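Engineer: This is what each chain is made of:
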Amino acid sequence: MAGLEDLYREIILDHYRSPRNRGELVVPPAHKTEGFNPLCGDEVSVYLDIDEATQTVRDIKISGQGCSISQASTSMMSDAVKGQSVAEARRLIRAFKALMSIHESKLEGEGDGADLAADLDGVRLGDLEALQGVVKFPVRIKCATLAWNTLQQGLDEINT
Amino acid sequence: MAGLEDLYREIILDHYRSPRNRGELVVPPAHKTEGFNPLCGDEVSVYLDIDEATQTVRDIKISGQGCSISQASTSMMSDAVKGQSVAEARRLIRAFKALMSIHESKLEGEGDGADLAADLDGVRLGDLEALQGVVKFPVRIKCATLAWNTLQQGLDEINT
Amino acid sequence: MALDVARLKAEFPLLEREINGNPIVYLDSASTSQKPFAVLDAMDHAYRHHYANVHRGVYEIAELATAEFEKARRKVATFIGASDWRELVFVRNATEAINLVAYTWARANLGAGDAIVLTHMEHHANVVPWQMLANERGVELRWIPMTPEFTLDLSDLDTLLDGAKLLCVSAMSNVLGTINPVRELVAAAHAHGALALIDACQYIPHIATNVAEWDADFVAFSAHKLCGPSGIGALWARLELLEAMPPFLGGGEMIRDVRLDYFTTNDVPWKFEAGTPAIVEAIGFGAAIDYLESIGMAEIRDHEIKLTEYALDALDNEFGDRLKIYGPADIAIRGGAISFLFDGIHAHDVTQVLDQDGVCVRAGHHCAKPLMRQLGVPATSRASFYMYNDEHDVDCLVKALIRAEQFFAL
Amino acid sequence: MALDVARLKAEFPLLEREINGNPIVYLDSASTSQKPFAVLDAMDHAYRHHYANVHRGVYEIAELATAEFEKARRKVATFIGASDWRELVFVRNATEAINLVAYTWARANLGAGDAIVLTHMEHHANVVPWQMLANERGVELRWIPMTPEFTLDLSDLDTLLDGAKLLCVSAMSNVLGTINPVRELVAAAHAHGALALIDACQYIPHIATNVAEWDADFVAFSAHKLCGPSGIGALWARLELLEAMPPFLGGGEMIRDVRLDYFTTNDVPWKFEAGTPAIVEAIGFGAAIDYLESIGMAEIRDHEIKLTEYALDALDNEFGDRLKIYGPADIAIRGGAISFLFDGIHAHDVTQVLDQDGVCVRAGHHCAKPLMRQLGVPATSRASFYMYNDEHDVDCLVKALIRAEQFFAL
Ligand SMILES: Cc1ncc(COP(=O)(O)O)c(C=O)c1O
Ligand SMILES: Cc1ncc(COP(=O)(O)O)c(C=O)c1O
Chain A
0 MAGLEDLYRE IILDHYRSPR NRGELVVPPA HKTEGFNPLC GDEVSVYLDI
50 DEATQTVRDI KISGQGCSIS QASTSMMSDA VKGQSVAEAR RLIRAFKALM
100 SIHESKLEGE GDGADLAADL DGVRLGDLEA LQGVVKFPVR IKCATLAWNT
150 LQQGLDEINT
Chain B
0 MAGLEDLYRE IILDHYRSPR NRGELVVPPA HKTEGFNPLC GDEVSVYLDI
50 DEATQTVRDI KISGQGCSIS QASTSMMSDA VKGQSVAEAR RLIRAFKALM
100 SIHESKLEGE GDGADLAADL DGVRLGDLEA LQGVVKFPVR IKCATLAWNT
150 LQQGLDEINT
Chain C
0 MALDVARLKA EFPLLEREIN GNPIVYLDSA STSQKPFAVL DAMDHAYRHH
50 YANVHRGVYE IAELATAEFE KARRKVATFI GASDWRELVF VRNATEAINL
100 VAYTWARANL GAGDAIVLTH MEHHANVVPW QMLANERGVE LRWIPMTPEF
150 TLDLSDLDTL LDGAKLLCVS AMSNVLGTIN PVRELVAAAH AHGALALIDA
200 CQYIPHIATN VAEWDADFVA FSAHKLCGPS GIGALWARLE LLEAMPPFLG
250 GGEMIRDVRL DYFTTNDVPW KFEAGTPAIV EAIGFGAAID YLESIGMAEI
300 RDHEIKLTEY ALDALDNEFG DRLKIYGPAD IAIRGGAISF LFDGIHAHDV
350 TQVLDQDGVC VRAGHHCAKP LMRQLGVPAT SRASFYMYND EHDVDCLVKA
400 LIRAEQFFAL
Chain D
0 MALDVARLKA EFPLLEREIN GNPIVYLDSA STSQKPFAVL DAMDHAYRHH
50 YANVHRGVYE IAELATAEFE KARRKVATFI GASDWRELVF VRNATEAINL
100 VAYTWARANL GAGDAIVLTH MEHHANVVPW QMLANERGVE LRWIPMTPEF
150 TLDLSDLDTL LDGAKLLCVS AMSNVLGTIN PVRELVAAAH AHGALALIDA
200 CQYIPHIATN VAEWDADFVA FSAHKLCGPS GIGALWARLE LLEAMPPFLG
250 GGEMIRDVRL DYFTTNDVPW KFEAGTPAIV EAIGFGAAID YLESIGMAEI
300 RDHEIKLTEY ALDALDNEFG DRLKIYGPAD IAIRGGAISF LFDGIHAHDV
350 TQVLDQDGVC VRAGHHCAKP LMRQLGVPAT SRASFYMYND EHDVDCLVKA
400 LIRAEQFFAL
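Which chain is which? The protein sequence lines are A, B, C and D, in order.
In this text, residue positions in the first sequence follow numbering that gives the first Met the number 0: the first is 0, and each later residue adds one.
In this text, residue positions in the second sequence follow numbering that gives the first Met the number 0: the first is 0, and each later residue adds one.
In this text, residue positions in the third sequence follow numbering that gives the first Met the number 0: the first is 0, and each later residue adds one.
In this text, residue positions in the fourth sequence follow numbering that gives the first Met the number 0: the first is 0, and each later residue adds one.
Since the hints were made in silico from the structure, they are not lab data.
Bear in mind that the values here come from a model prediction, so they are computed numbers and not experimental data.
Worth double-checking, as some hints may not be accurate.
[Unchecked claim] Computed footprint of chain D on chain B; a stretch qualifies when at least three of its residues, placed anywhere within it, have a C-beta under 8 angstroms from a C-beta of chain D: (1) 37-48; (2) 135-149.
[As the list claims (entries may be wrong)] PhoX-like mimics (lysine-lysine), calculated; alpha carbons at most 25 angstroms apart, straight line: (3) D:Lys70 <-> A:Lys141; (4) B:Lys96 <-> C:Lys70; (5) B:Lys60 <-> B:Lys31; (6) C:Lys398 <-> C:Lys323; (7) A:Lys135 <-> D:Lys70; (8) A:Lys96 <-> A:Lys31; (9) D:Lys398 <-> D:Lys8; (10) B:Lys96 <-> B:Lys81; (11) D:Lys305 <-> D:Lys323; (12) B:Lys141 <-> C:Lys70; (13) B:Lys135 <-> B:Lys81; (14) B:Lys81 <-> B:Lys60; (15) B:Lys135 <-> C:Lys70; (16) A:Lys81 <-> A:Lys141; (17) D:Lys70 <-> A:Lys96.
C-beta: ideal position from N, C-alpha, C; glycine also.
Start from the sequences and build out the full structure, keeping to the hints where you can.
Structural biologist: So this is what it looks like as structure tokens:
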């Protein structure tokens, strides 16, 4: 059995206590996407300001409520993608979900996750790796991925 | 455990092999009512010719298919009510159903059937009492009562 | 007489389990209850001794299975004060019971311009079926709001019920623990010509219930919350209503006759029980009723009142205003479900710490998102009691909460 | 390799039972099958060790319950050759599975002027839901008739499918034992732009099934016929269909968000699983799949072919034309359900005599009244086999039938 310290690393609690990029952006020009965790009731809104010409994330703001894991993951996500190209943001999404899914996929029986490992290759997750402990608490994986799924949905909505 | 002989008395097999009052009556003036045993698929049609003036069962005919119990019960029923007053027919219905229900009601939890015993008082069932063995085979009670329920429905339909 | 909880605990095999080296402290009975040996044994016996399909076989084990199945129906019907066992329809759970009413009675009787009255404290099971109907038919949904004391605000009840066809209300809130005044609400509904559907999921397991005294029209509940198995629940409805309602699911058992061009329906309750039912689950449901009766519903309620009082006091003494309780303070109008939040700590995080100590409580929206929005929170933690909980369980909860508060202290 | 039936029999506790002093001879598996220790133990273990509500709890036993529940879903999905576990929806039984399709996909897609093609050998579960839809929406029902050899008469299939939106067909008849050419029928339906729903209730327990090879759109079946518990079954459907279909029952679990004025739905398959599911039953379903796989579906089919052949021969040798068999003679296109009638003796009476000798067979219309009318009889007796039956069981059947024939001899 994993201990609480595996889940709640110091850096996670730090992001939880001092979340980065909290707030809202004016819509439009910004784009707003809402995400729900149907299990616990957490909700997150991701505001994206994409520079069409350069295809970069000019600004990102986050609002909503959630547990320490979902708040910290959201905060780290916003830090990680702000200023990045959309392509890089998508790479990060894939990498982070791979980090979570290798284990989640075991829970849900989708194979051993070998294919997912490829998504992690060569991507530097930095702080985000602190969230790796979450995979030992399967129910909490959805807390950690909520913001990322919402970001992905937002990028998809803007592109299409 | 009750033996087969409790269920299949000789008189029952006799009525089964030589059913009385088989056939149909012309509708109208006669009245036709169909009955179903949803469990086993047995169907019976009761044709009634009621003399309005005297309120008696002038004629009765039976068609349909069924097991020995349902066929014998139908045959005995037709013998018992033919020529009788409607009031007497209704008394017989109540008495026969009481004979069956005292036990069926135990199965279905409707008390001890003491109230039903009153319906049996002073009614002479004759041959019909041979069907008493059926109550030891709860599933077959519906076979025995099918014709009677159909007769009752027929009388109700004619009166209303 | 006070319950001998130590003896009761020993009758629930799961409560002997350890979690992370700690004896389990199961405080999530409002979500689902644990099962006593008596229920598990009854089901096992049925599978080993007289398992067969019901209402179909002539042979002996089929007769036994049918008799046991129907006996269970009578037990459940009697337990809730139904005057006729035919008023008791077996379904999968309370959710299906409510949907059954929405698909049959409501779709046969309600249309555009009609109104249904709900409350802000309903479980999704008593919200979403009516929203589906509203979307499909243009039926209006009206809402009874909540007071700051977490009770229903009935001041506009007459206006809300004016012209309404149905009132849907929970007898006890699964989040707040609030016990609603069912008899009064039913009477008000009837006075306005509306029927009343009672979601009694949280009530029947804990408080002696008499549907005839309630004068209700429809009552929904689940076996798994009253020591019975998963996979079965019940809809009780007045006989005339059941008889007039169109069928719900089509198939075997619910028919009288089927031809290529039409079918006719069986008598109630079988008319609403298409296909092979949850046979052994029904038998387990009956065994659970026997078990509850052997303890006594009045004793269970008494015990839970005392335990809830003890818990509310203990939480208040230890945490004061740092821990907010969402639910009535008055023990007379609440059950043993206690929702709470630490200021600044999310329910999910608190509950995770509690799990480390073997204390099982629920965190989340408790399938009552409209209520959570009224409360202004995304989630609460909820501890809930049953006859097998005691003061020691409450003490463990408090101790674990102390640890959680410390862990997340800024 | 031949099955070691003596060993298998010992794995089913009910088969040790005596009836009227005779060892039980259970020949009603087409109605419902008996359960091996492995399944009963898995359910008992779940209740004692990790029983909690699923998809809701943060605490350990809730995580375990959820993991076991979802693992069972994957087992069932894999067992029938589904490419994705999300395509597997848990329901109460095959009947609910078919009604789910009728209430959601069909009501969203069919209206007056549309046609559904059925067959004369369907079980009520695959007839009545479509009659209800036909009554409500003016959808036309068309029927594939039967040949004198008890197979489907496909000579007018193209005409029947012309303009149809859905074909509903049983993979194996529960009365005749007939195995229908599912792959060919699905292809014909698709060629006419219709979807195909397969009632695989009688097929999946006995013959290795691959829904992808069938290329079917919807497949319905029940756990209780394949050594699993009562109270659970499954609908398999193609992912795109499930995703596009409106929800069925509303309530907890099936939502993503609920506000006073609207709700949004959860991902499939949970979108179709409102309320607390049959948790432990799902785990038992999974254990039944493990059990079947441990024996081998090919071995089960082989065994049943041999046993059915033995039975057909034995009945013919003993009774010749006095006993009429309703079902194909060709063993390649039939399963182990044998319907029969003595000339002049009603099925109910025969079956009653058999019960005296401990031989359990079914008598009645087998929930297929339209078919019985085609056969021109109100009822048949039906003996049906599973992996735990052997030649001795058949011999007992024949002996009991001899006694029945004598008893009712004129
Ligand atoms: C062919 C067929 N379809 C459907 C059903 C209905 O199954 P259930 O009663 O489990 O819903 C059965 C079994 O009774 C069957 O044999
Ligand atoms: C008040 C209330 N209503 C309805 C339900 C739904 O019950 P089930 O999930 O058993 O259908 C619940 C339990 O979750 C409840 O607490």
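Engineer: Hint check: Lys141 of chain B vs Lys70 of chain C, CA-CA at most 25 angstroms. Holds or violated?
Structural biologist: Given that 25 angstroms is the threshold and the Cα spacing comes to 18 angstroms, the pair holds.
Engineer: For Lys135 of chain B and Lys81 of chain B, compute the direct alpha-carbon distance and say whether it is at most 25 angstroms.
Structural biologist: 29 angstroms, violated
Engineer: Regarding the pair Lys96 of chain A and Lys31 of chain A, is the alpha-carbon distance no greater than 25 angstroms?
Structural biologist: The hint holds at about 21 angstroms.
Engineer: Decide if the proposed pair is consistent with the structure: Lys81 of chain B and Lys60 of chain B, CA atoms, cutoff 25 angstroms inclusive.
Structural biologist: Within the cut-off at roughly 9 angstroms; holds.
Engineer: Need the status of pair Lys81 of chain A, Lys141 of chain A: alpha-carbon distance at most 25 angstroms?
Structural biologist: 22 angstroms, holds
Engineer: Check whether the Cα positions of Lys135 of chain A and Lys70 of chain D lie no farther apart than 25 angstroms.
Structural biologist: Given pair Lys135 of chain A, Lys70 of chain D holds - Cα atoms ~17 angstroms apart, limit 25 angstroms.
Engineer: Hinted pair, alpha-carbon criterion (25 angstroms max): Lys70 of chain D, Lys96 of chain A. Please report holds or violated.
Structural biologist: 21 angstroms, holds
Engineer: Counting residues of the region 37-48 of chain B with a beta carbon closer than 8 angstroms to any beta carbon of chain D, are there 3 or more?
Structural biologist: holds (count 5)
Engineer: So if I understand the rule, the pair passes when the alpha-carbon distance is 25 angstroms or less; does Lys70 of chain D with Lys141 of chain A pass?
Structural biologist: Holds, because 18 angstroms separates the two Cα atoms, which is no more than 25 angstroms.
Engineer: Taking 25 angstroms as the top limit, are the C-alpha atoms of Lys96 of chain B and Lys70 of chain C close enough?
Structural biologist: Status holds; Cα separation ~21 angstroms.
Engineer: Tell me if the straight-line CA distance from Lys96 of chain B to Lys81 of chain B falls inside 25 angstroms.
Structural biologist: Cα-Cα ~18 angstroms, so holds.
Engineer: Lys60 of chain B and Lys31 of chain B: Cα distance at most 25 angstroms?
Structural biologist: Distance ~9 angstroms between Lys60 of chain B and Lys31 of chain B Cα, so the pair holds.
Hint 13 from the earlier list is the only one contradicted by this structure; the remaining hints agree with it.
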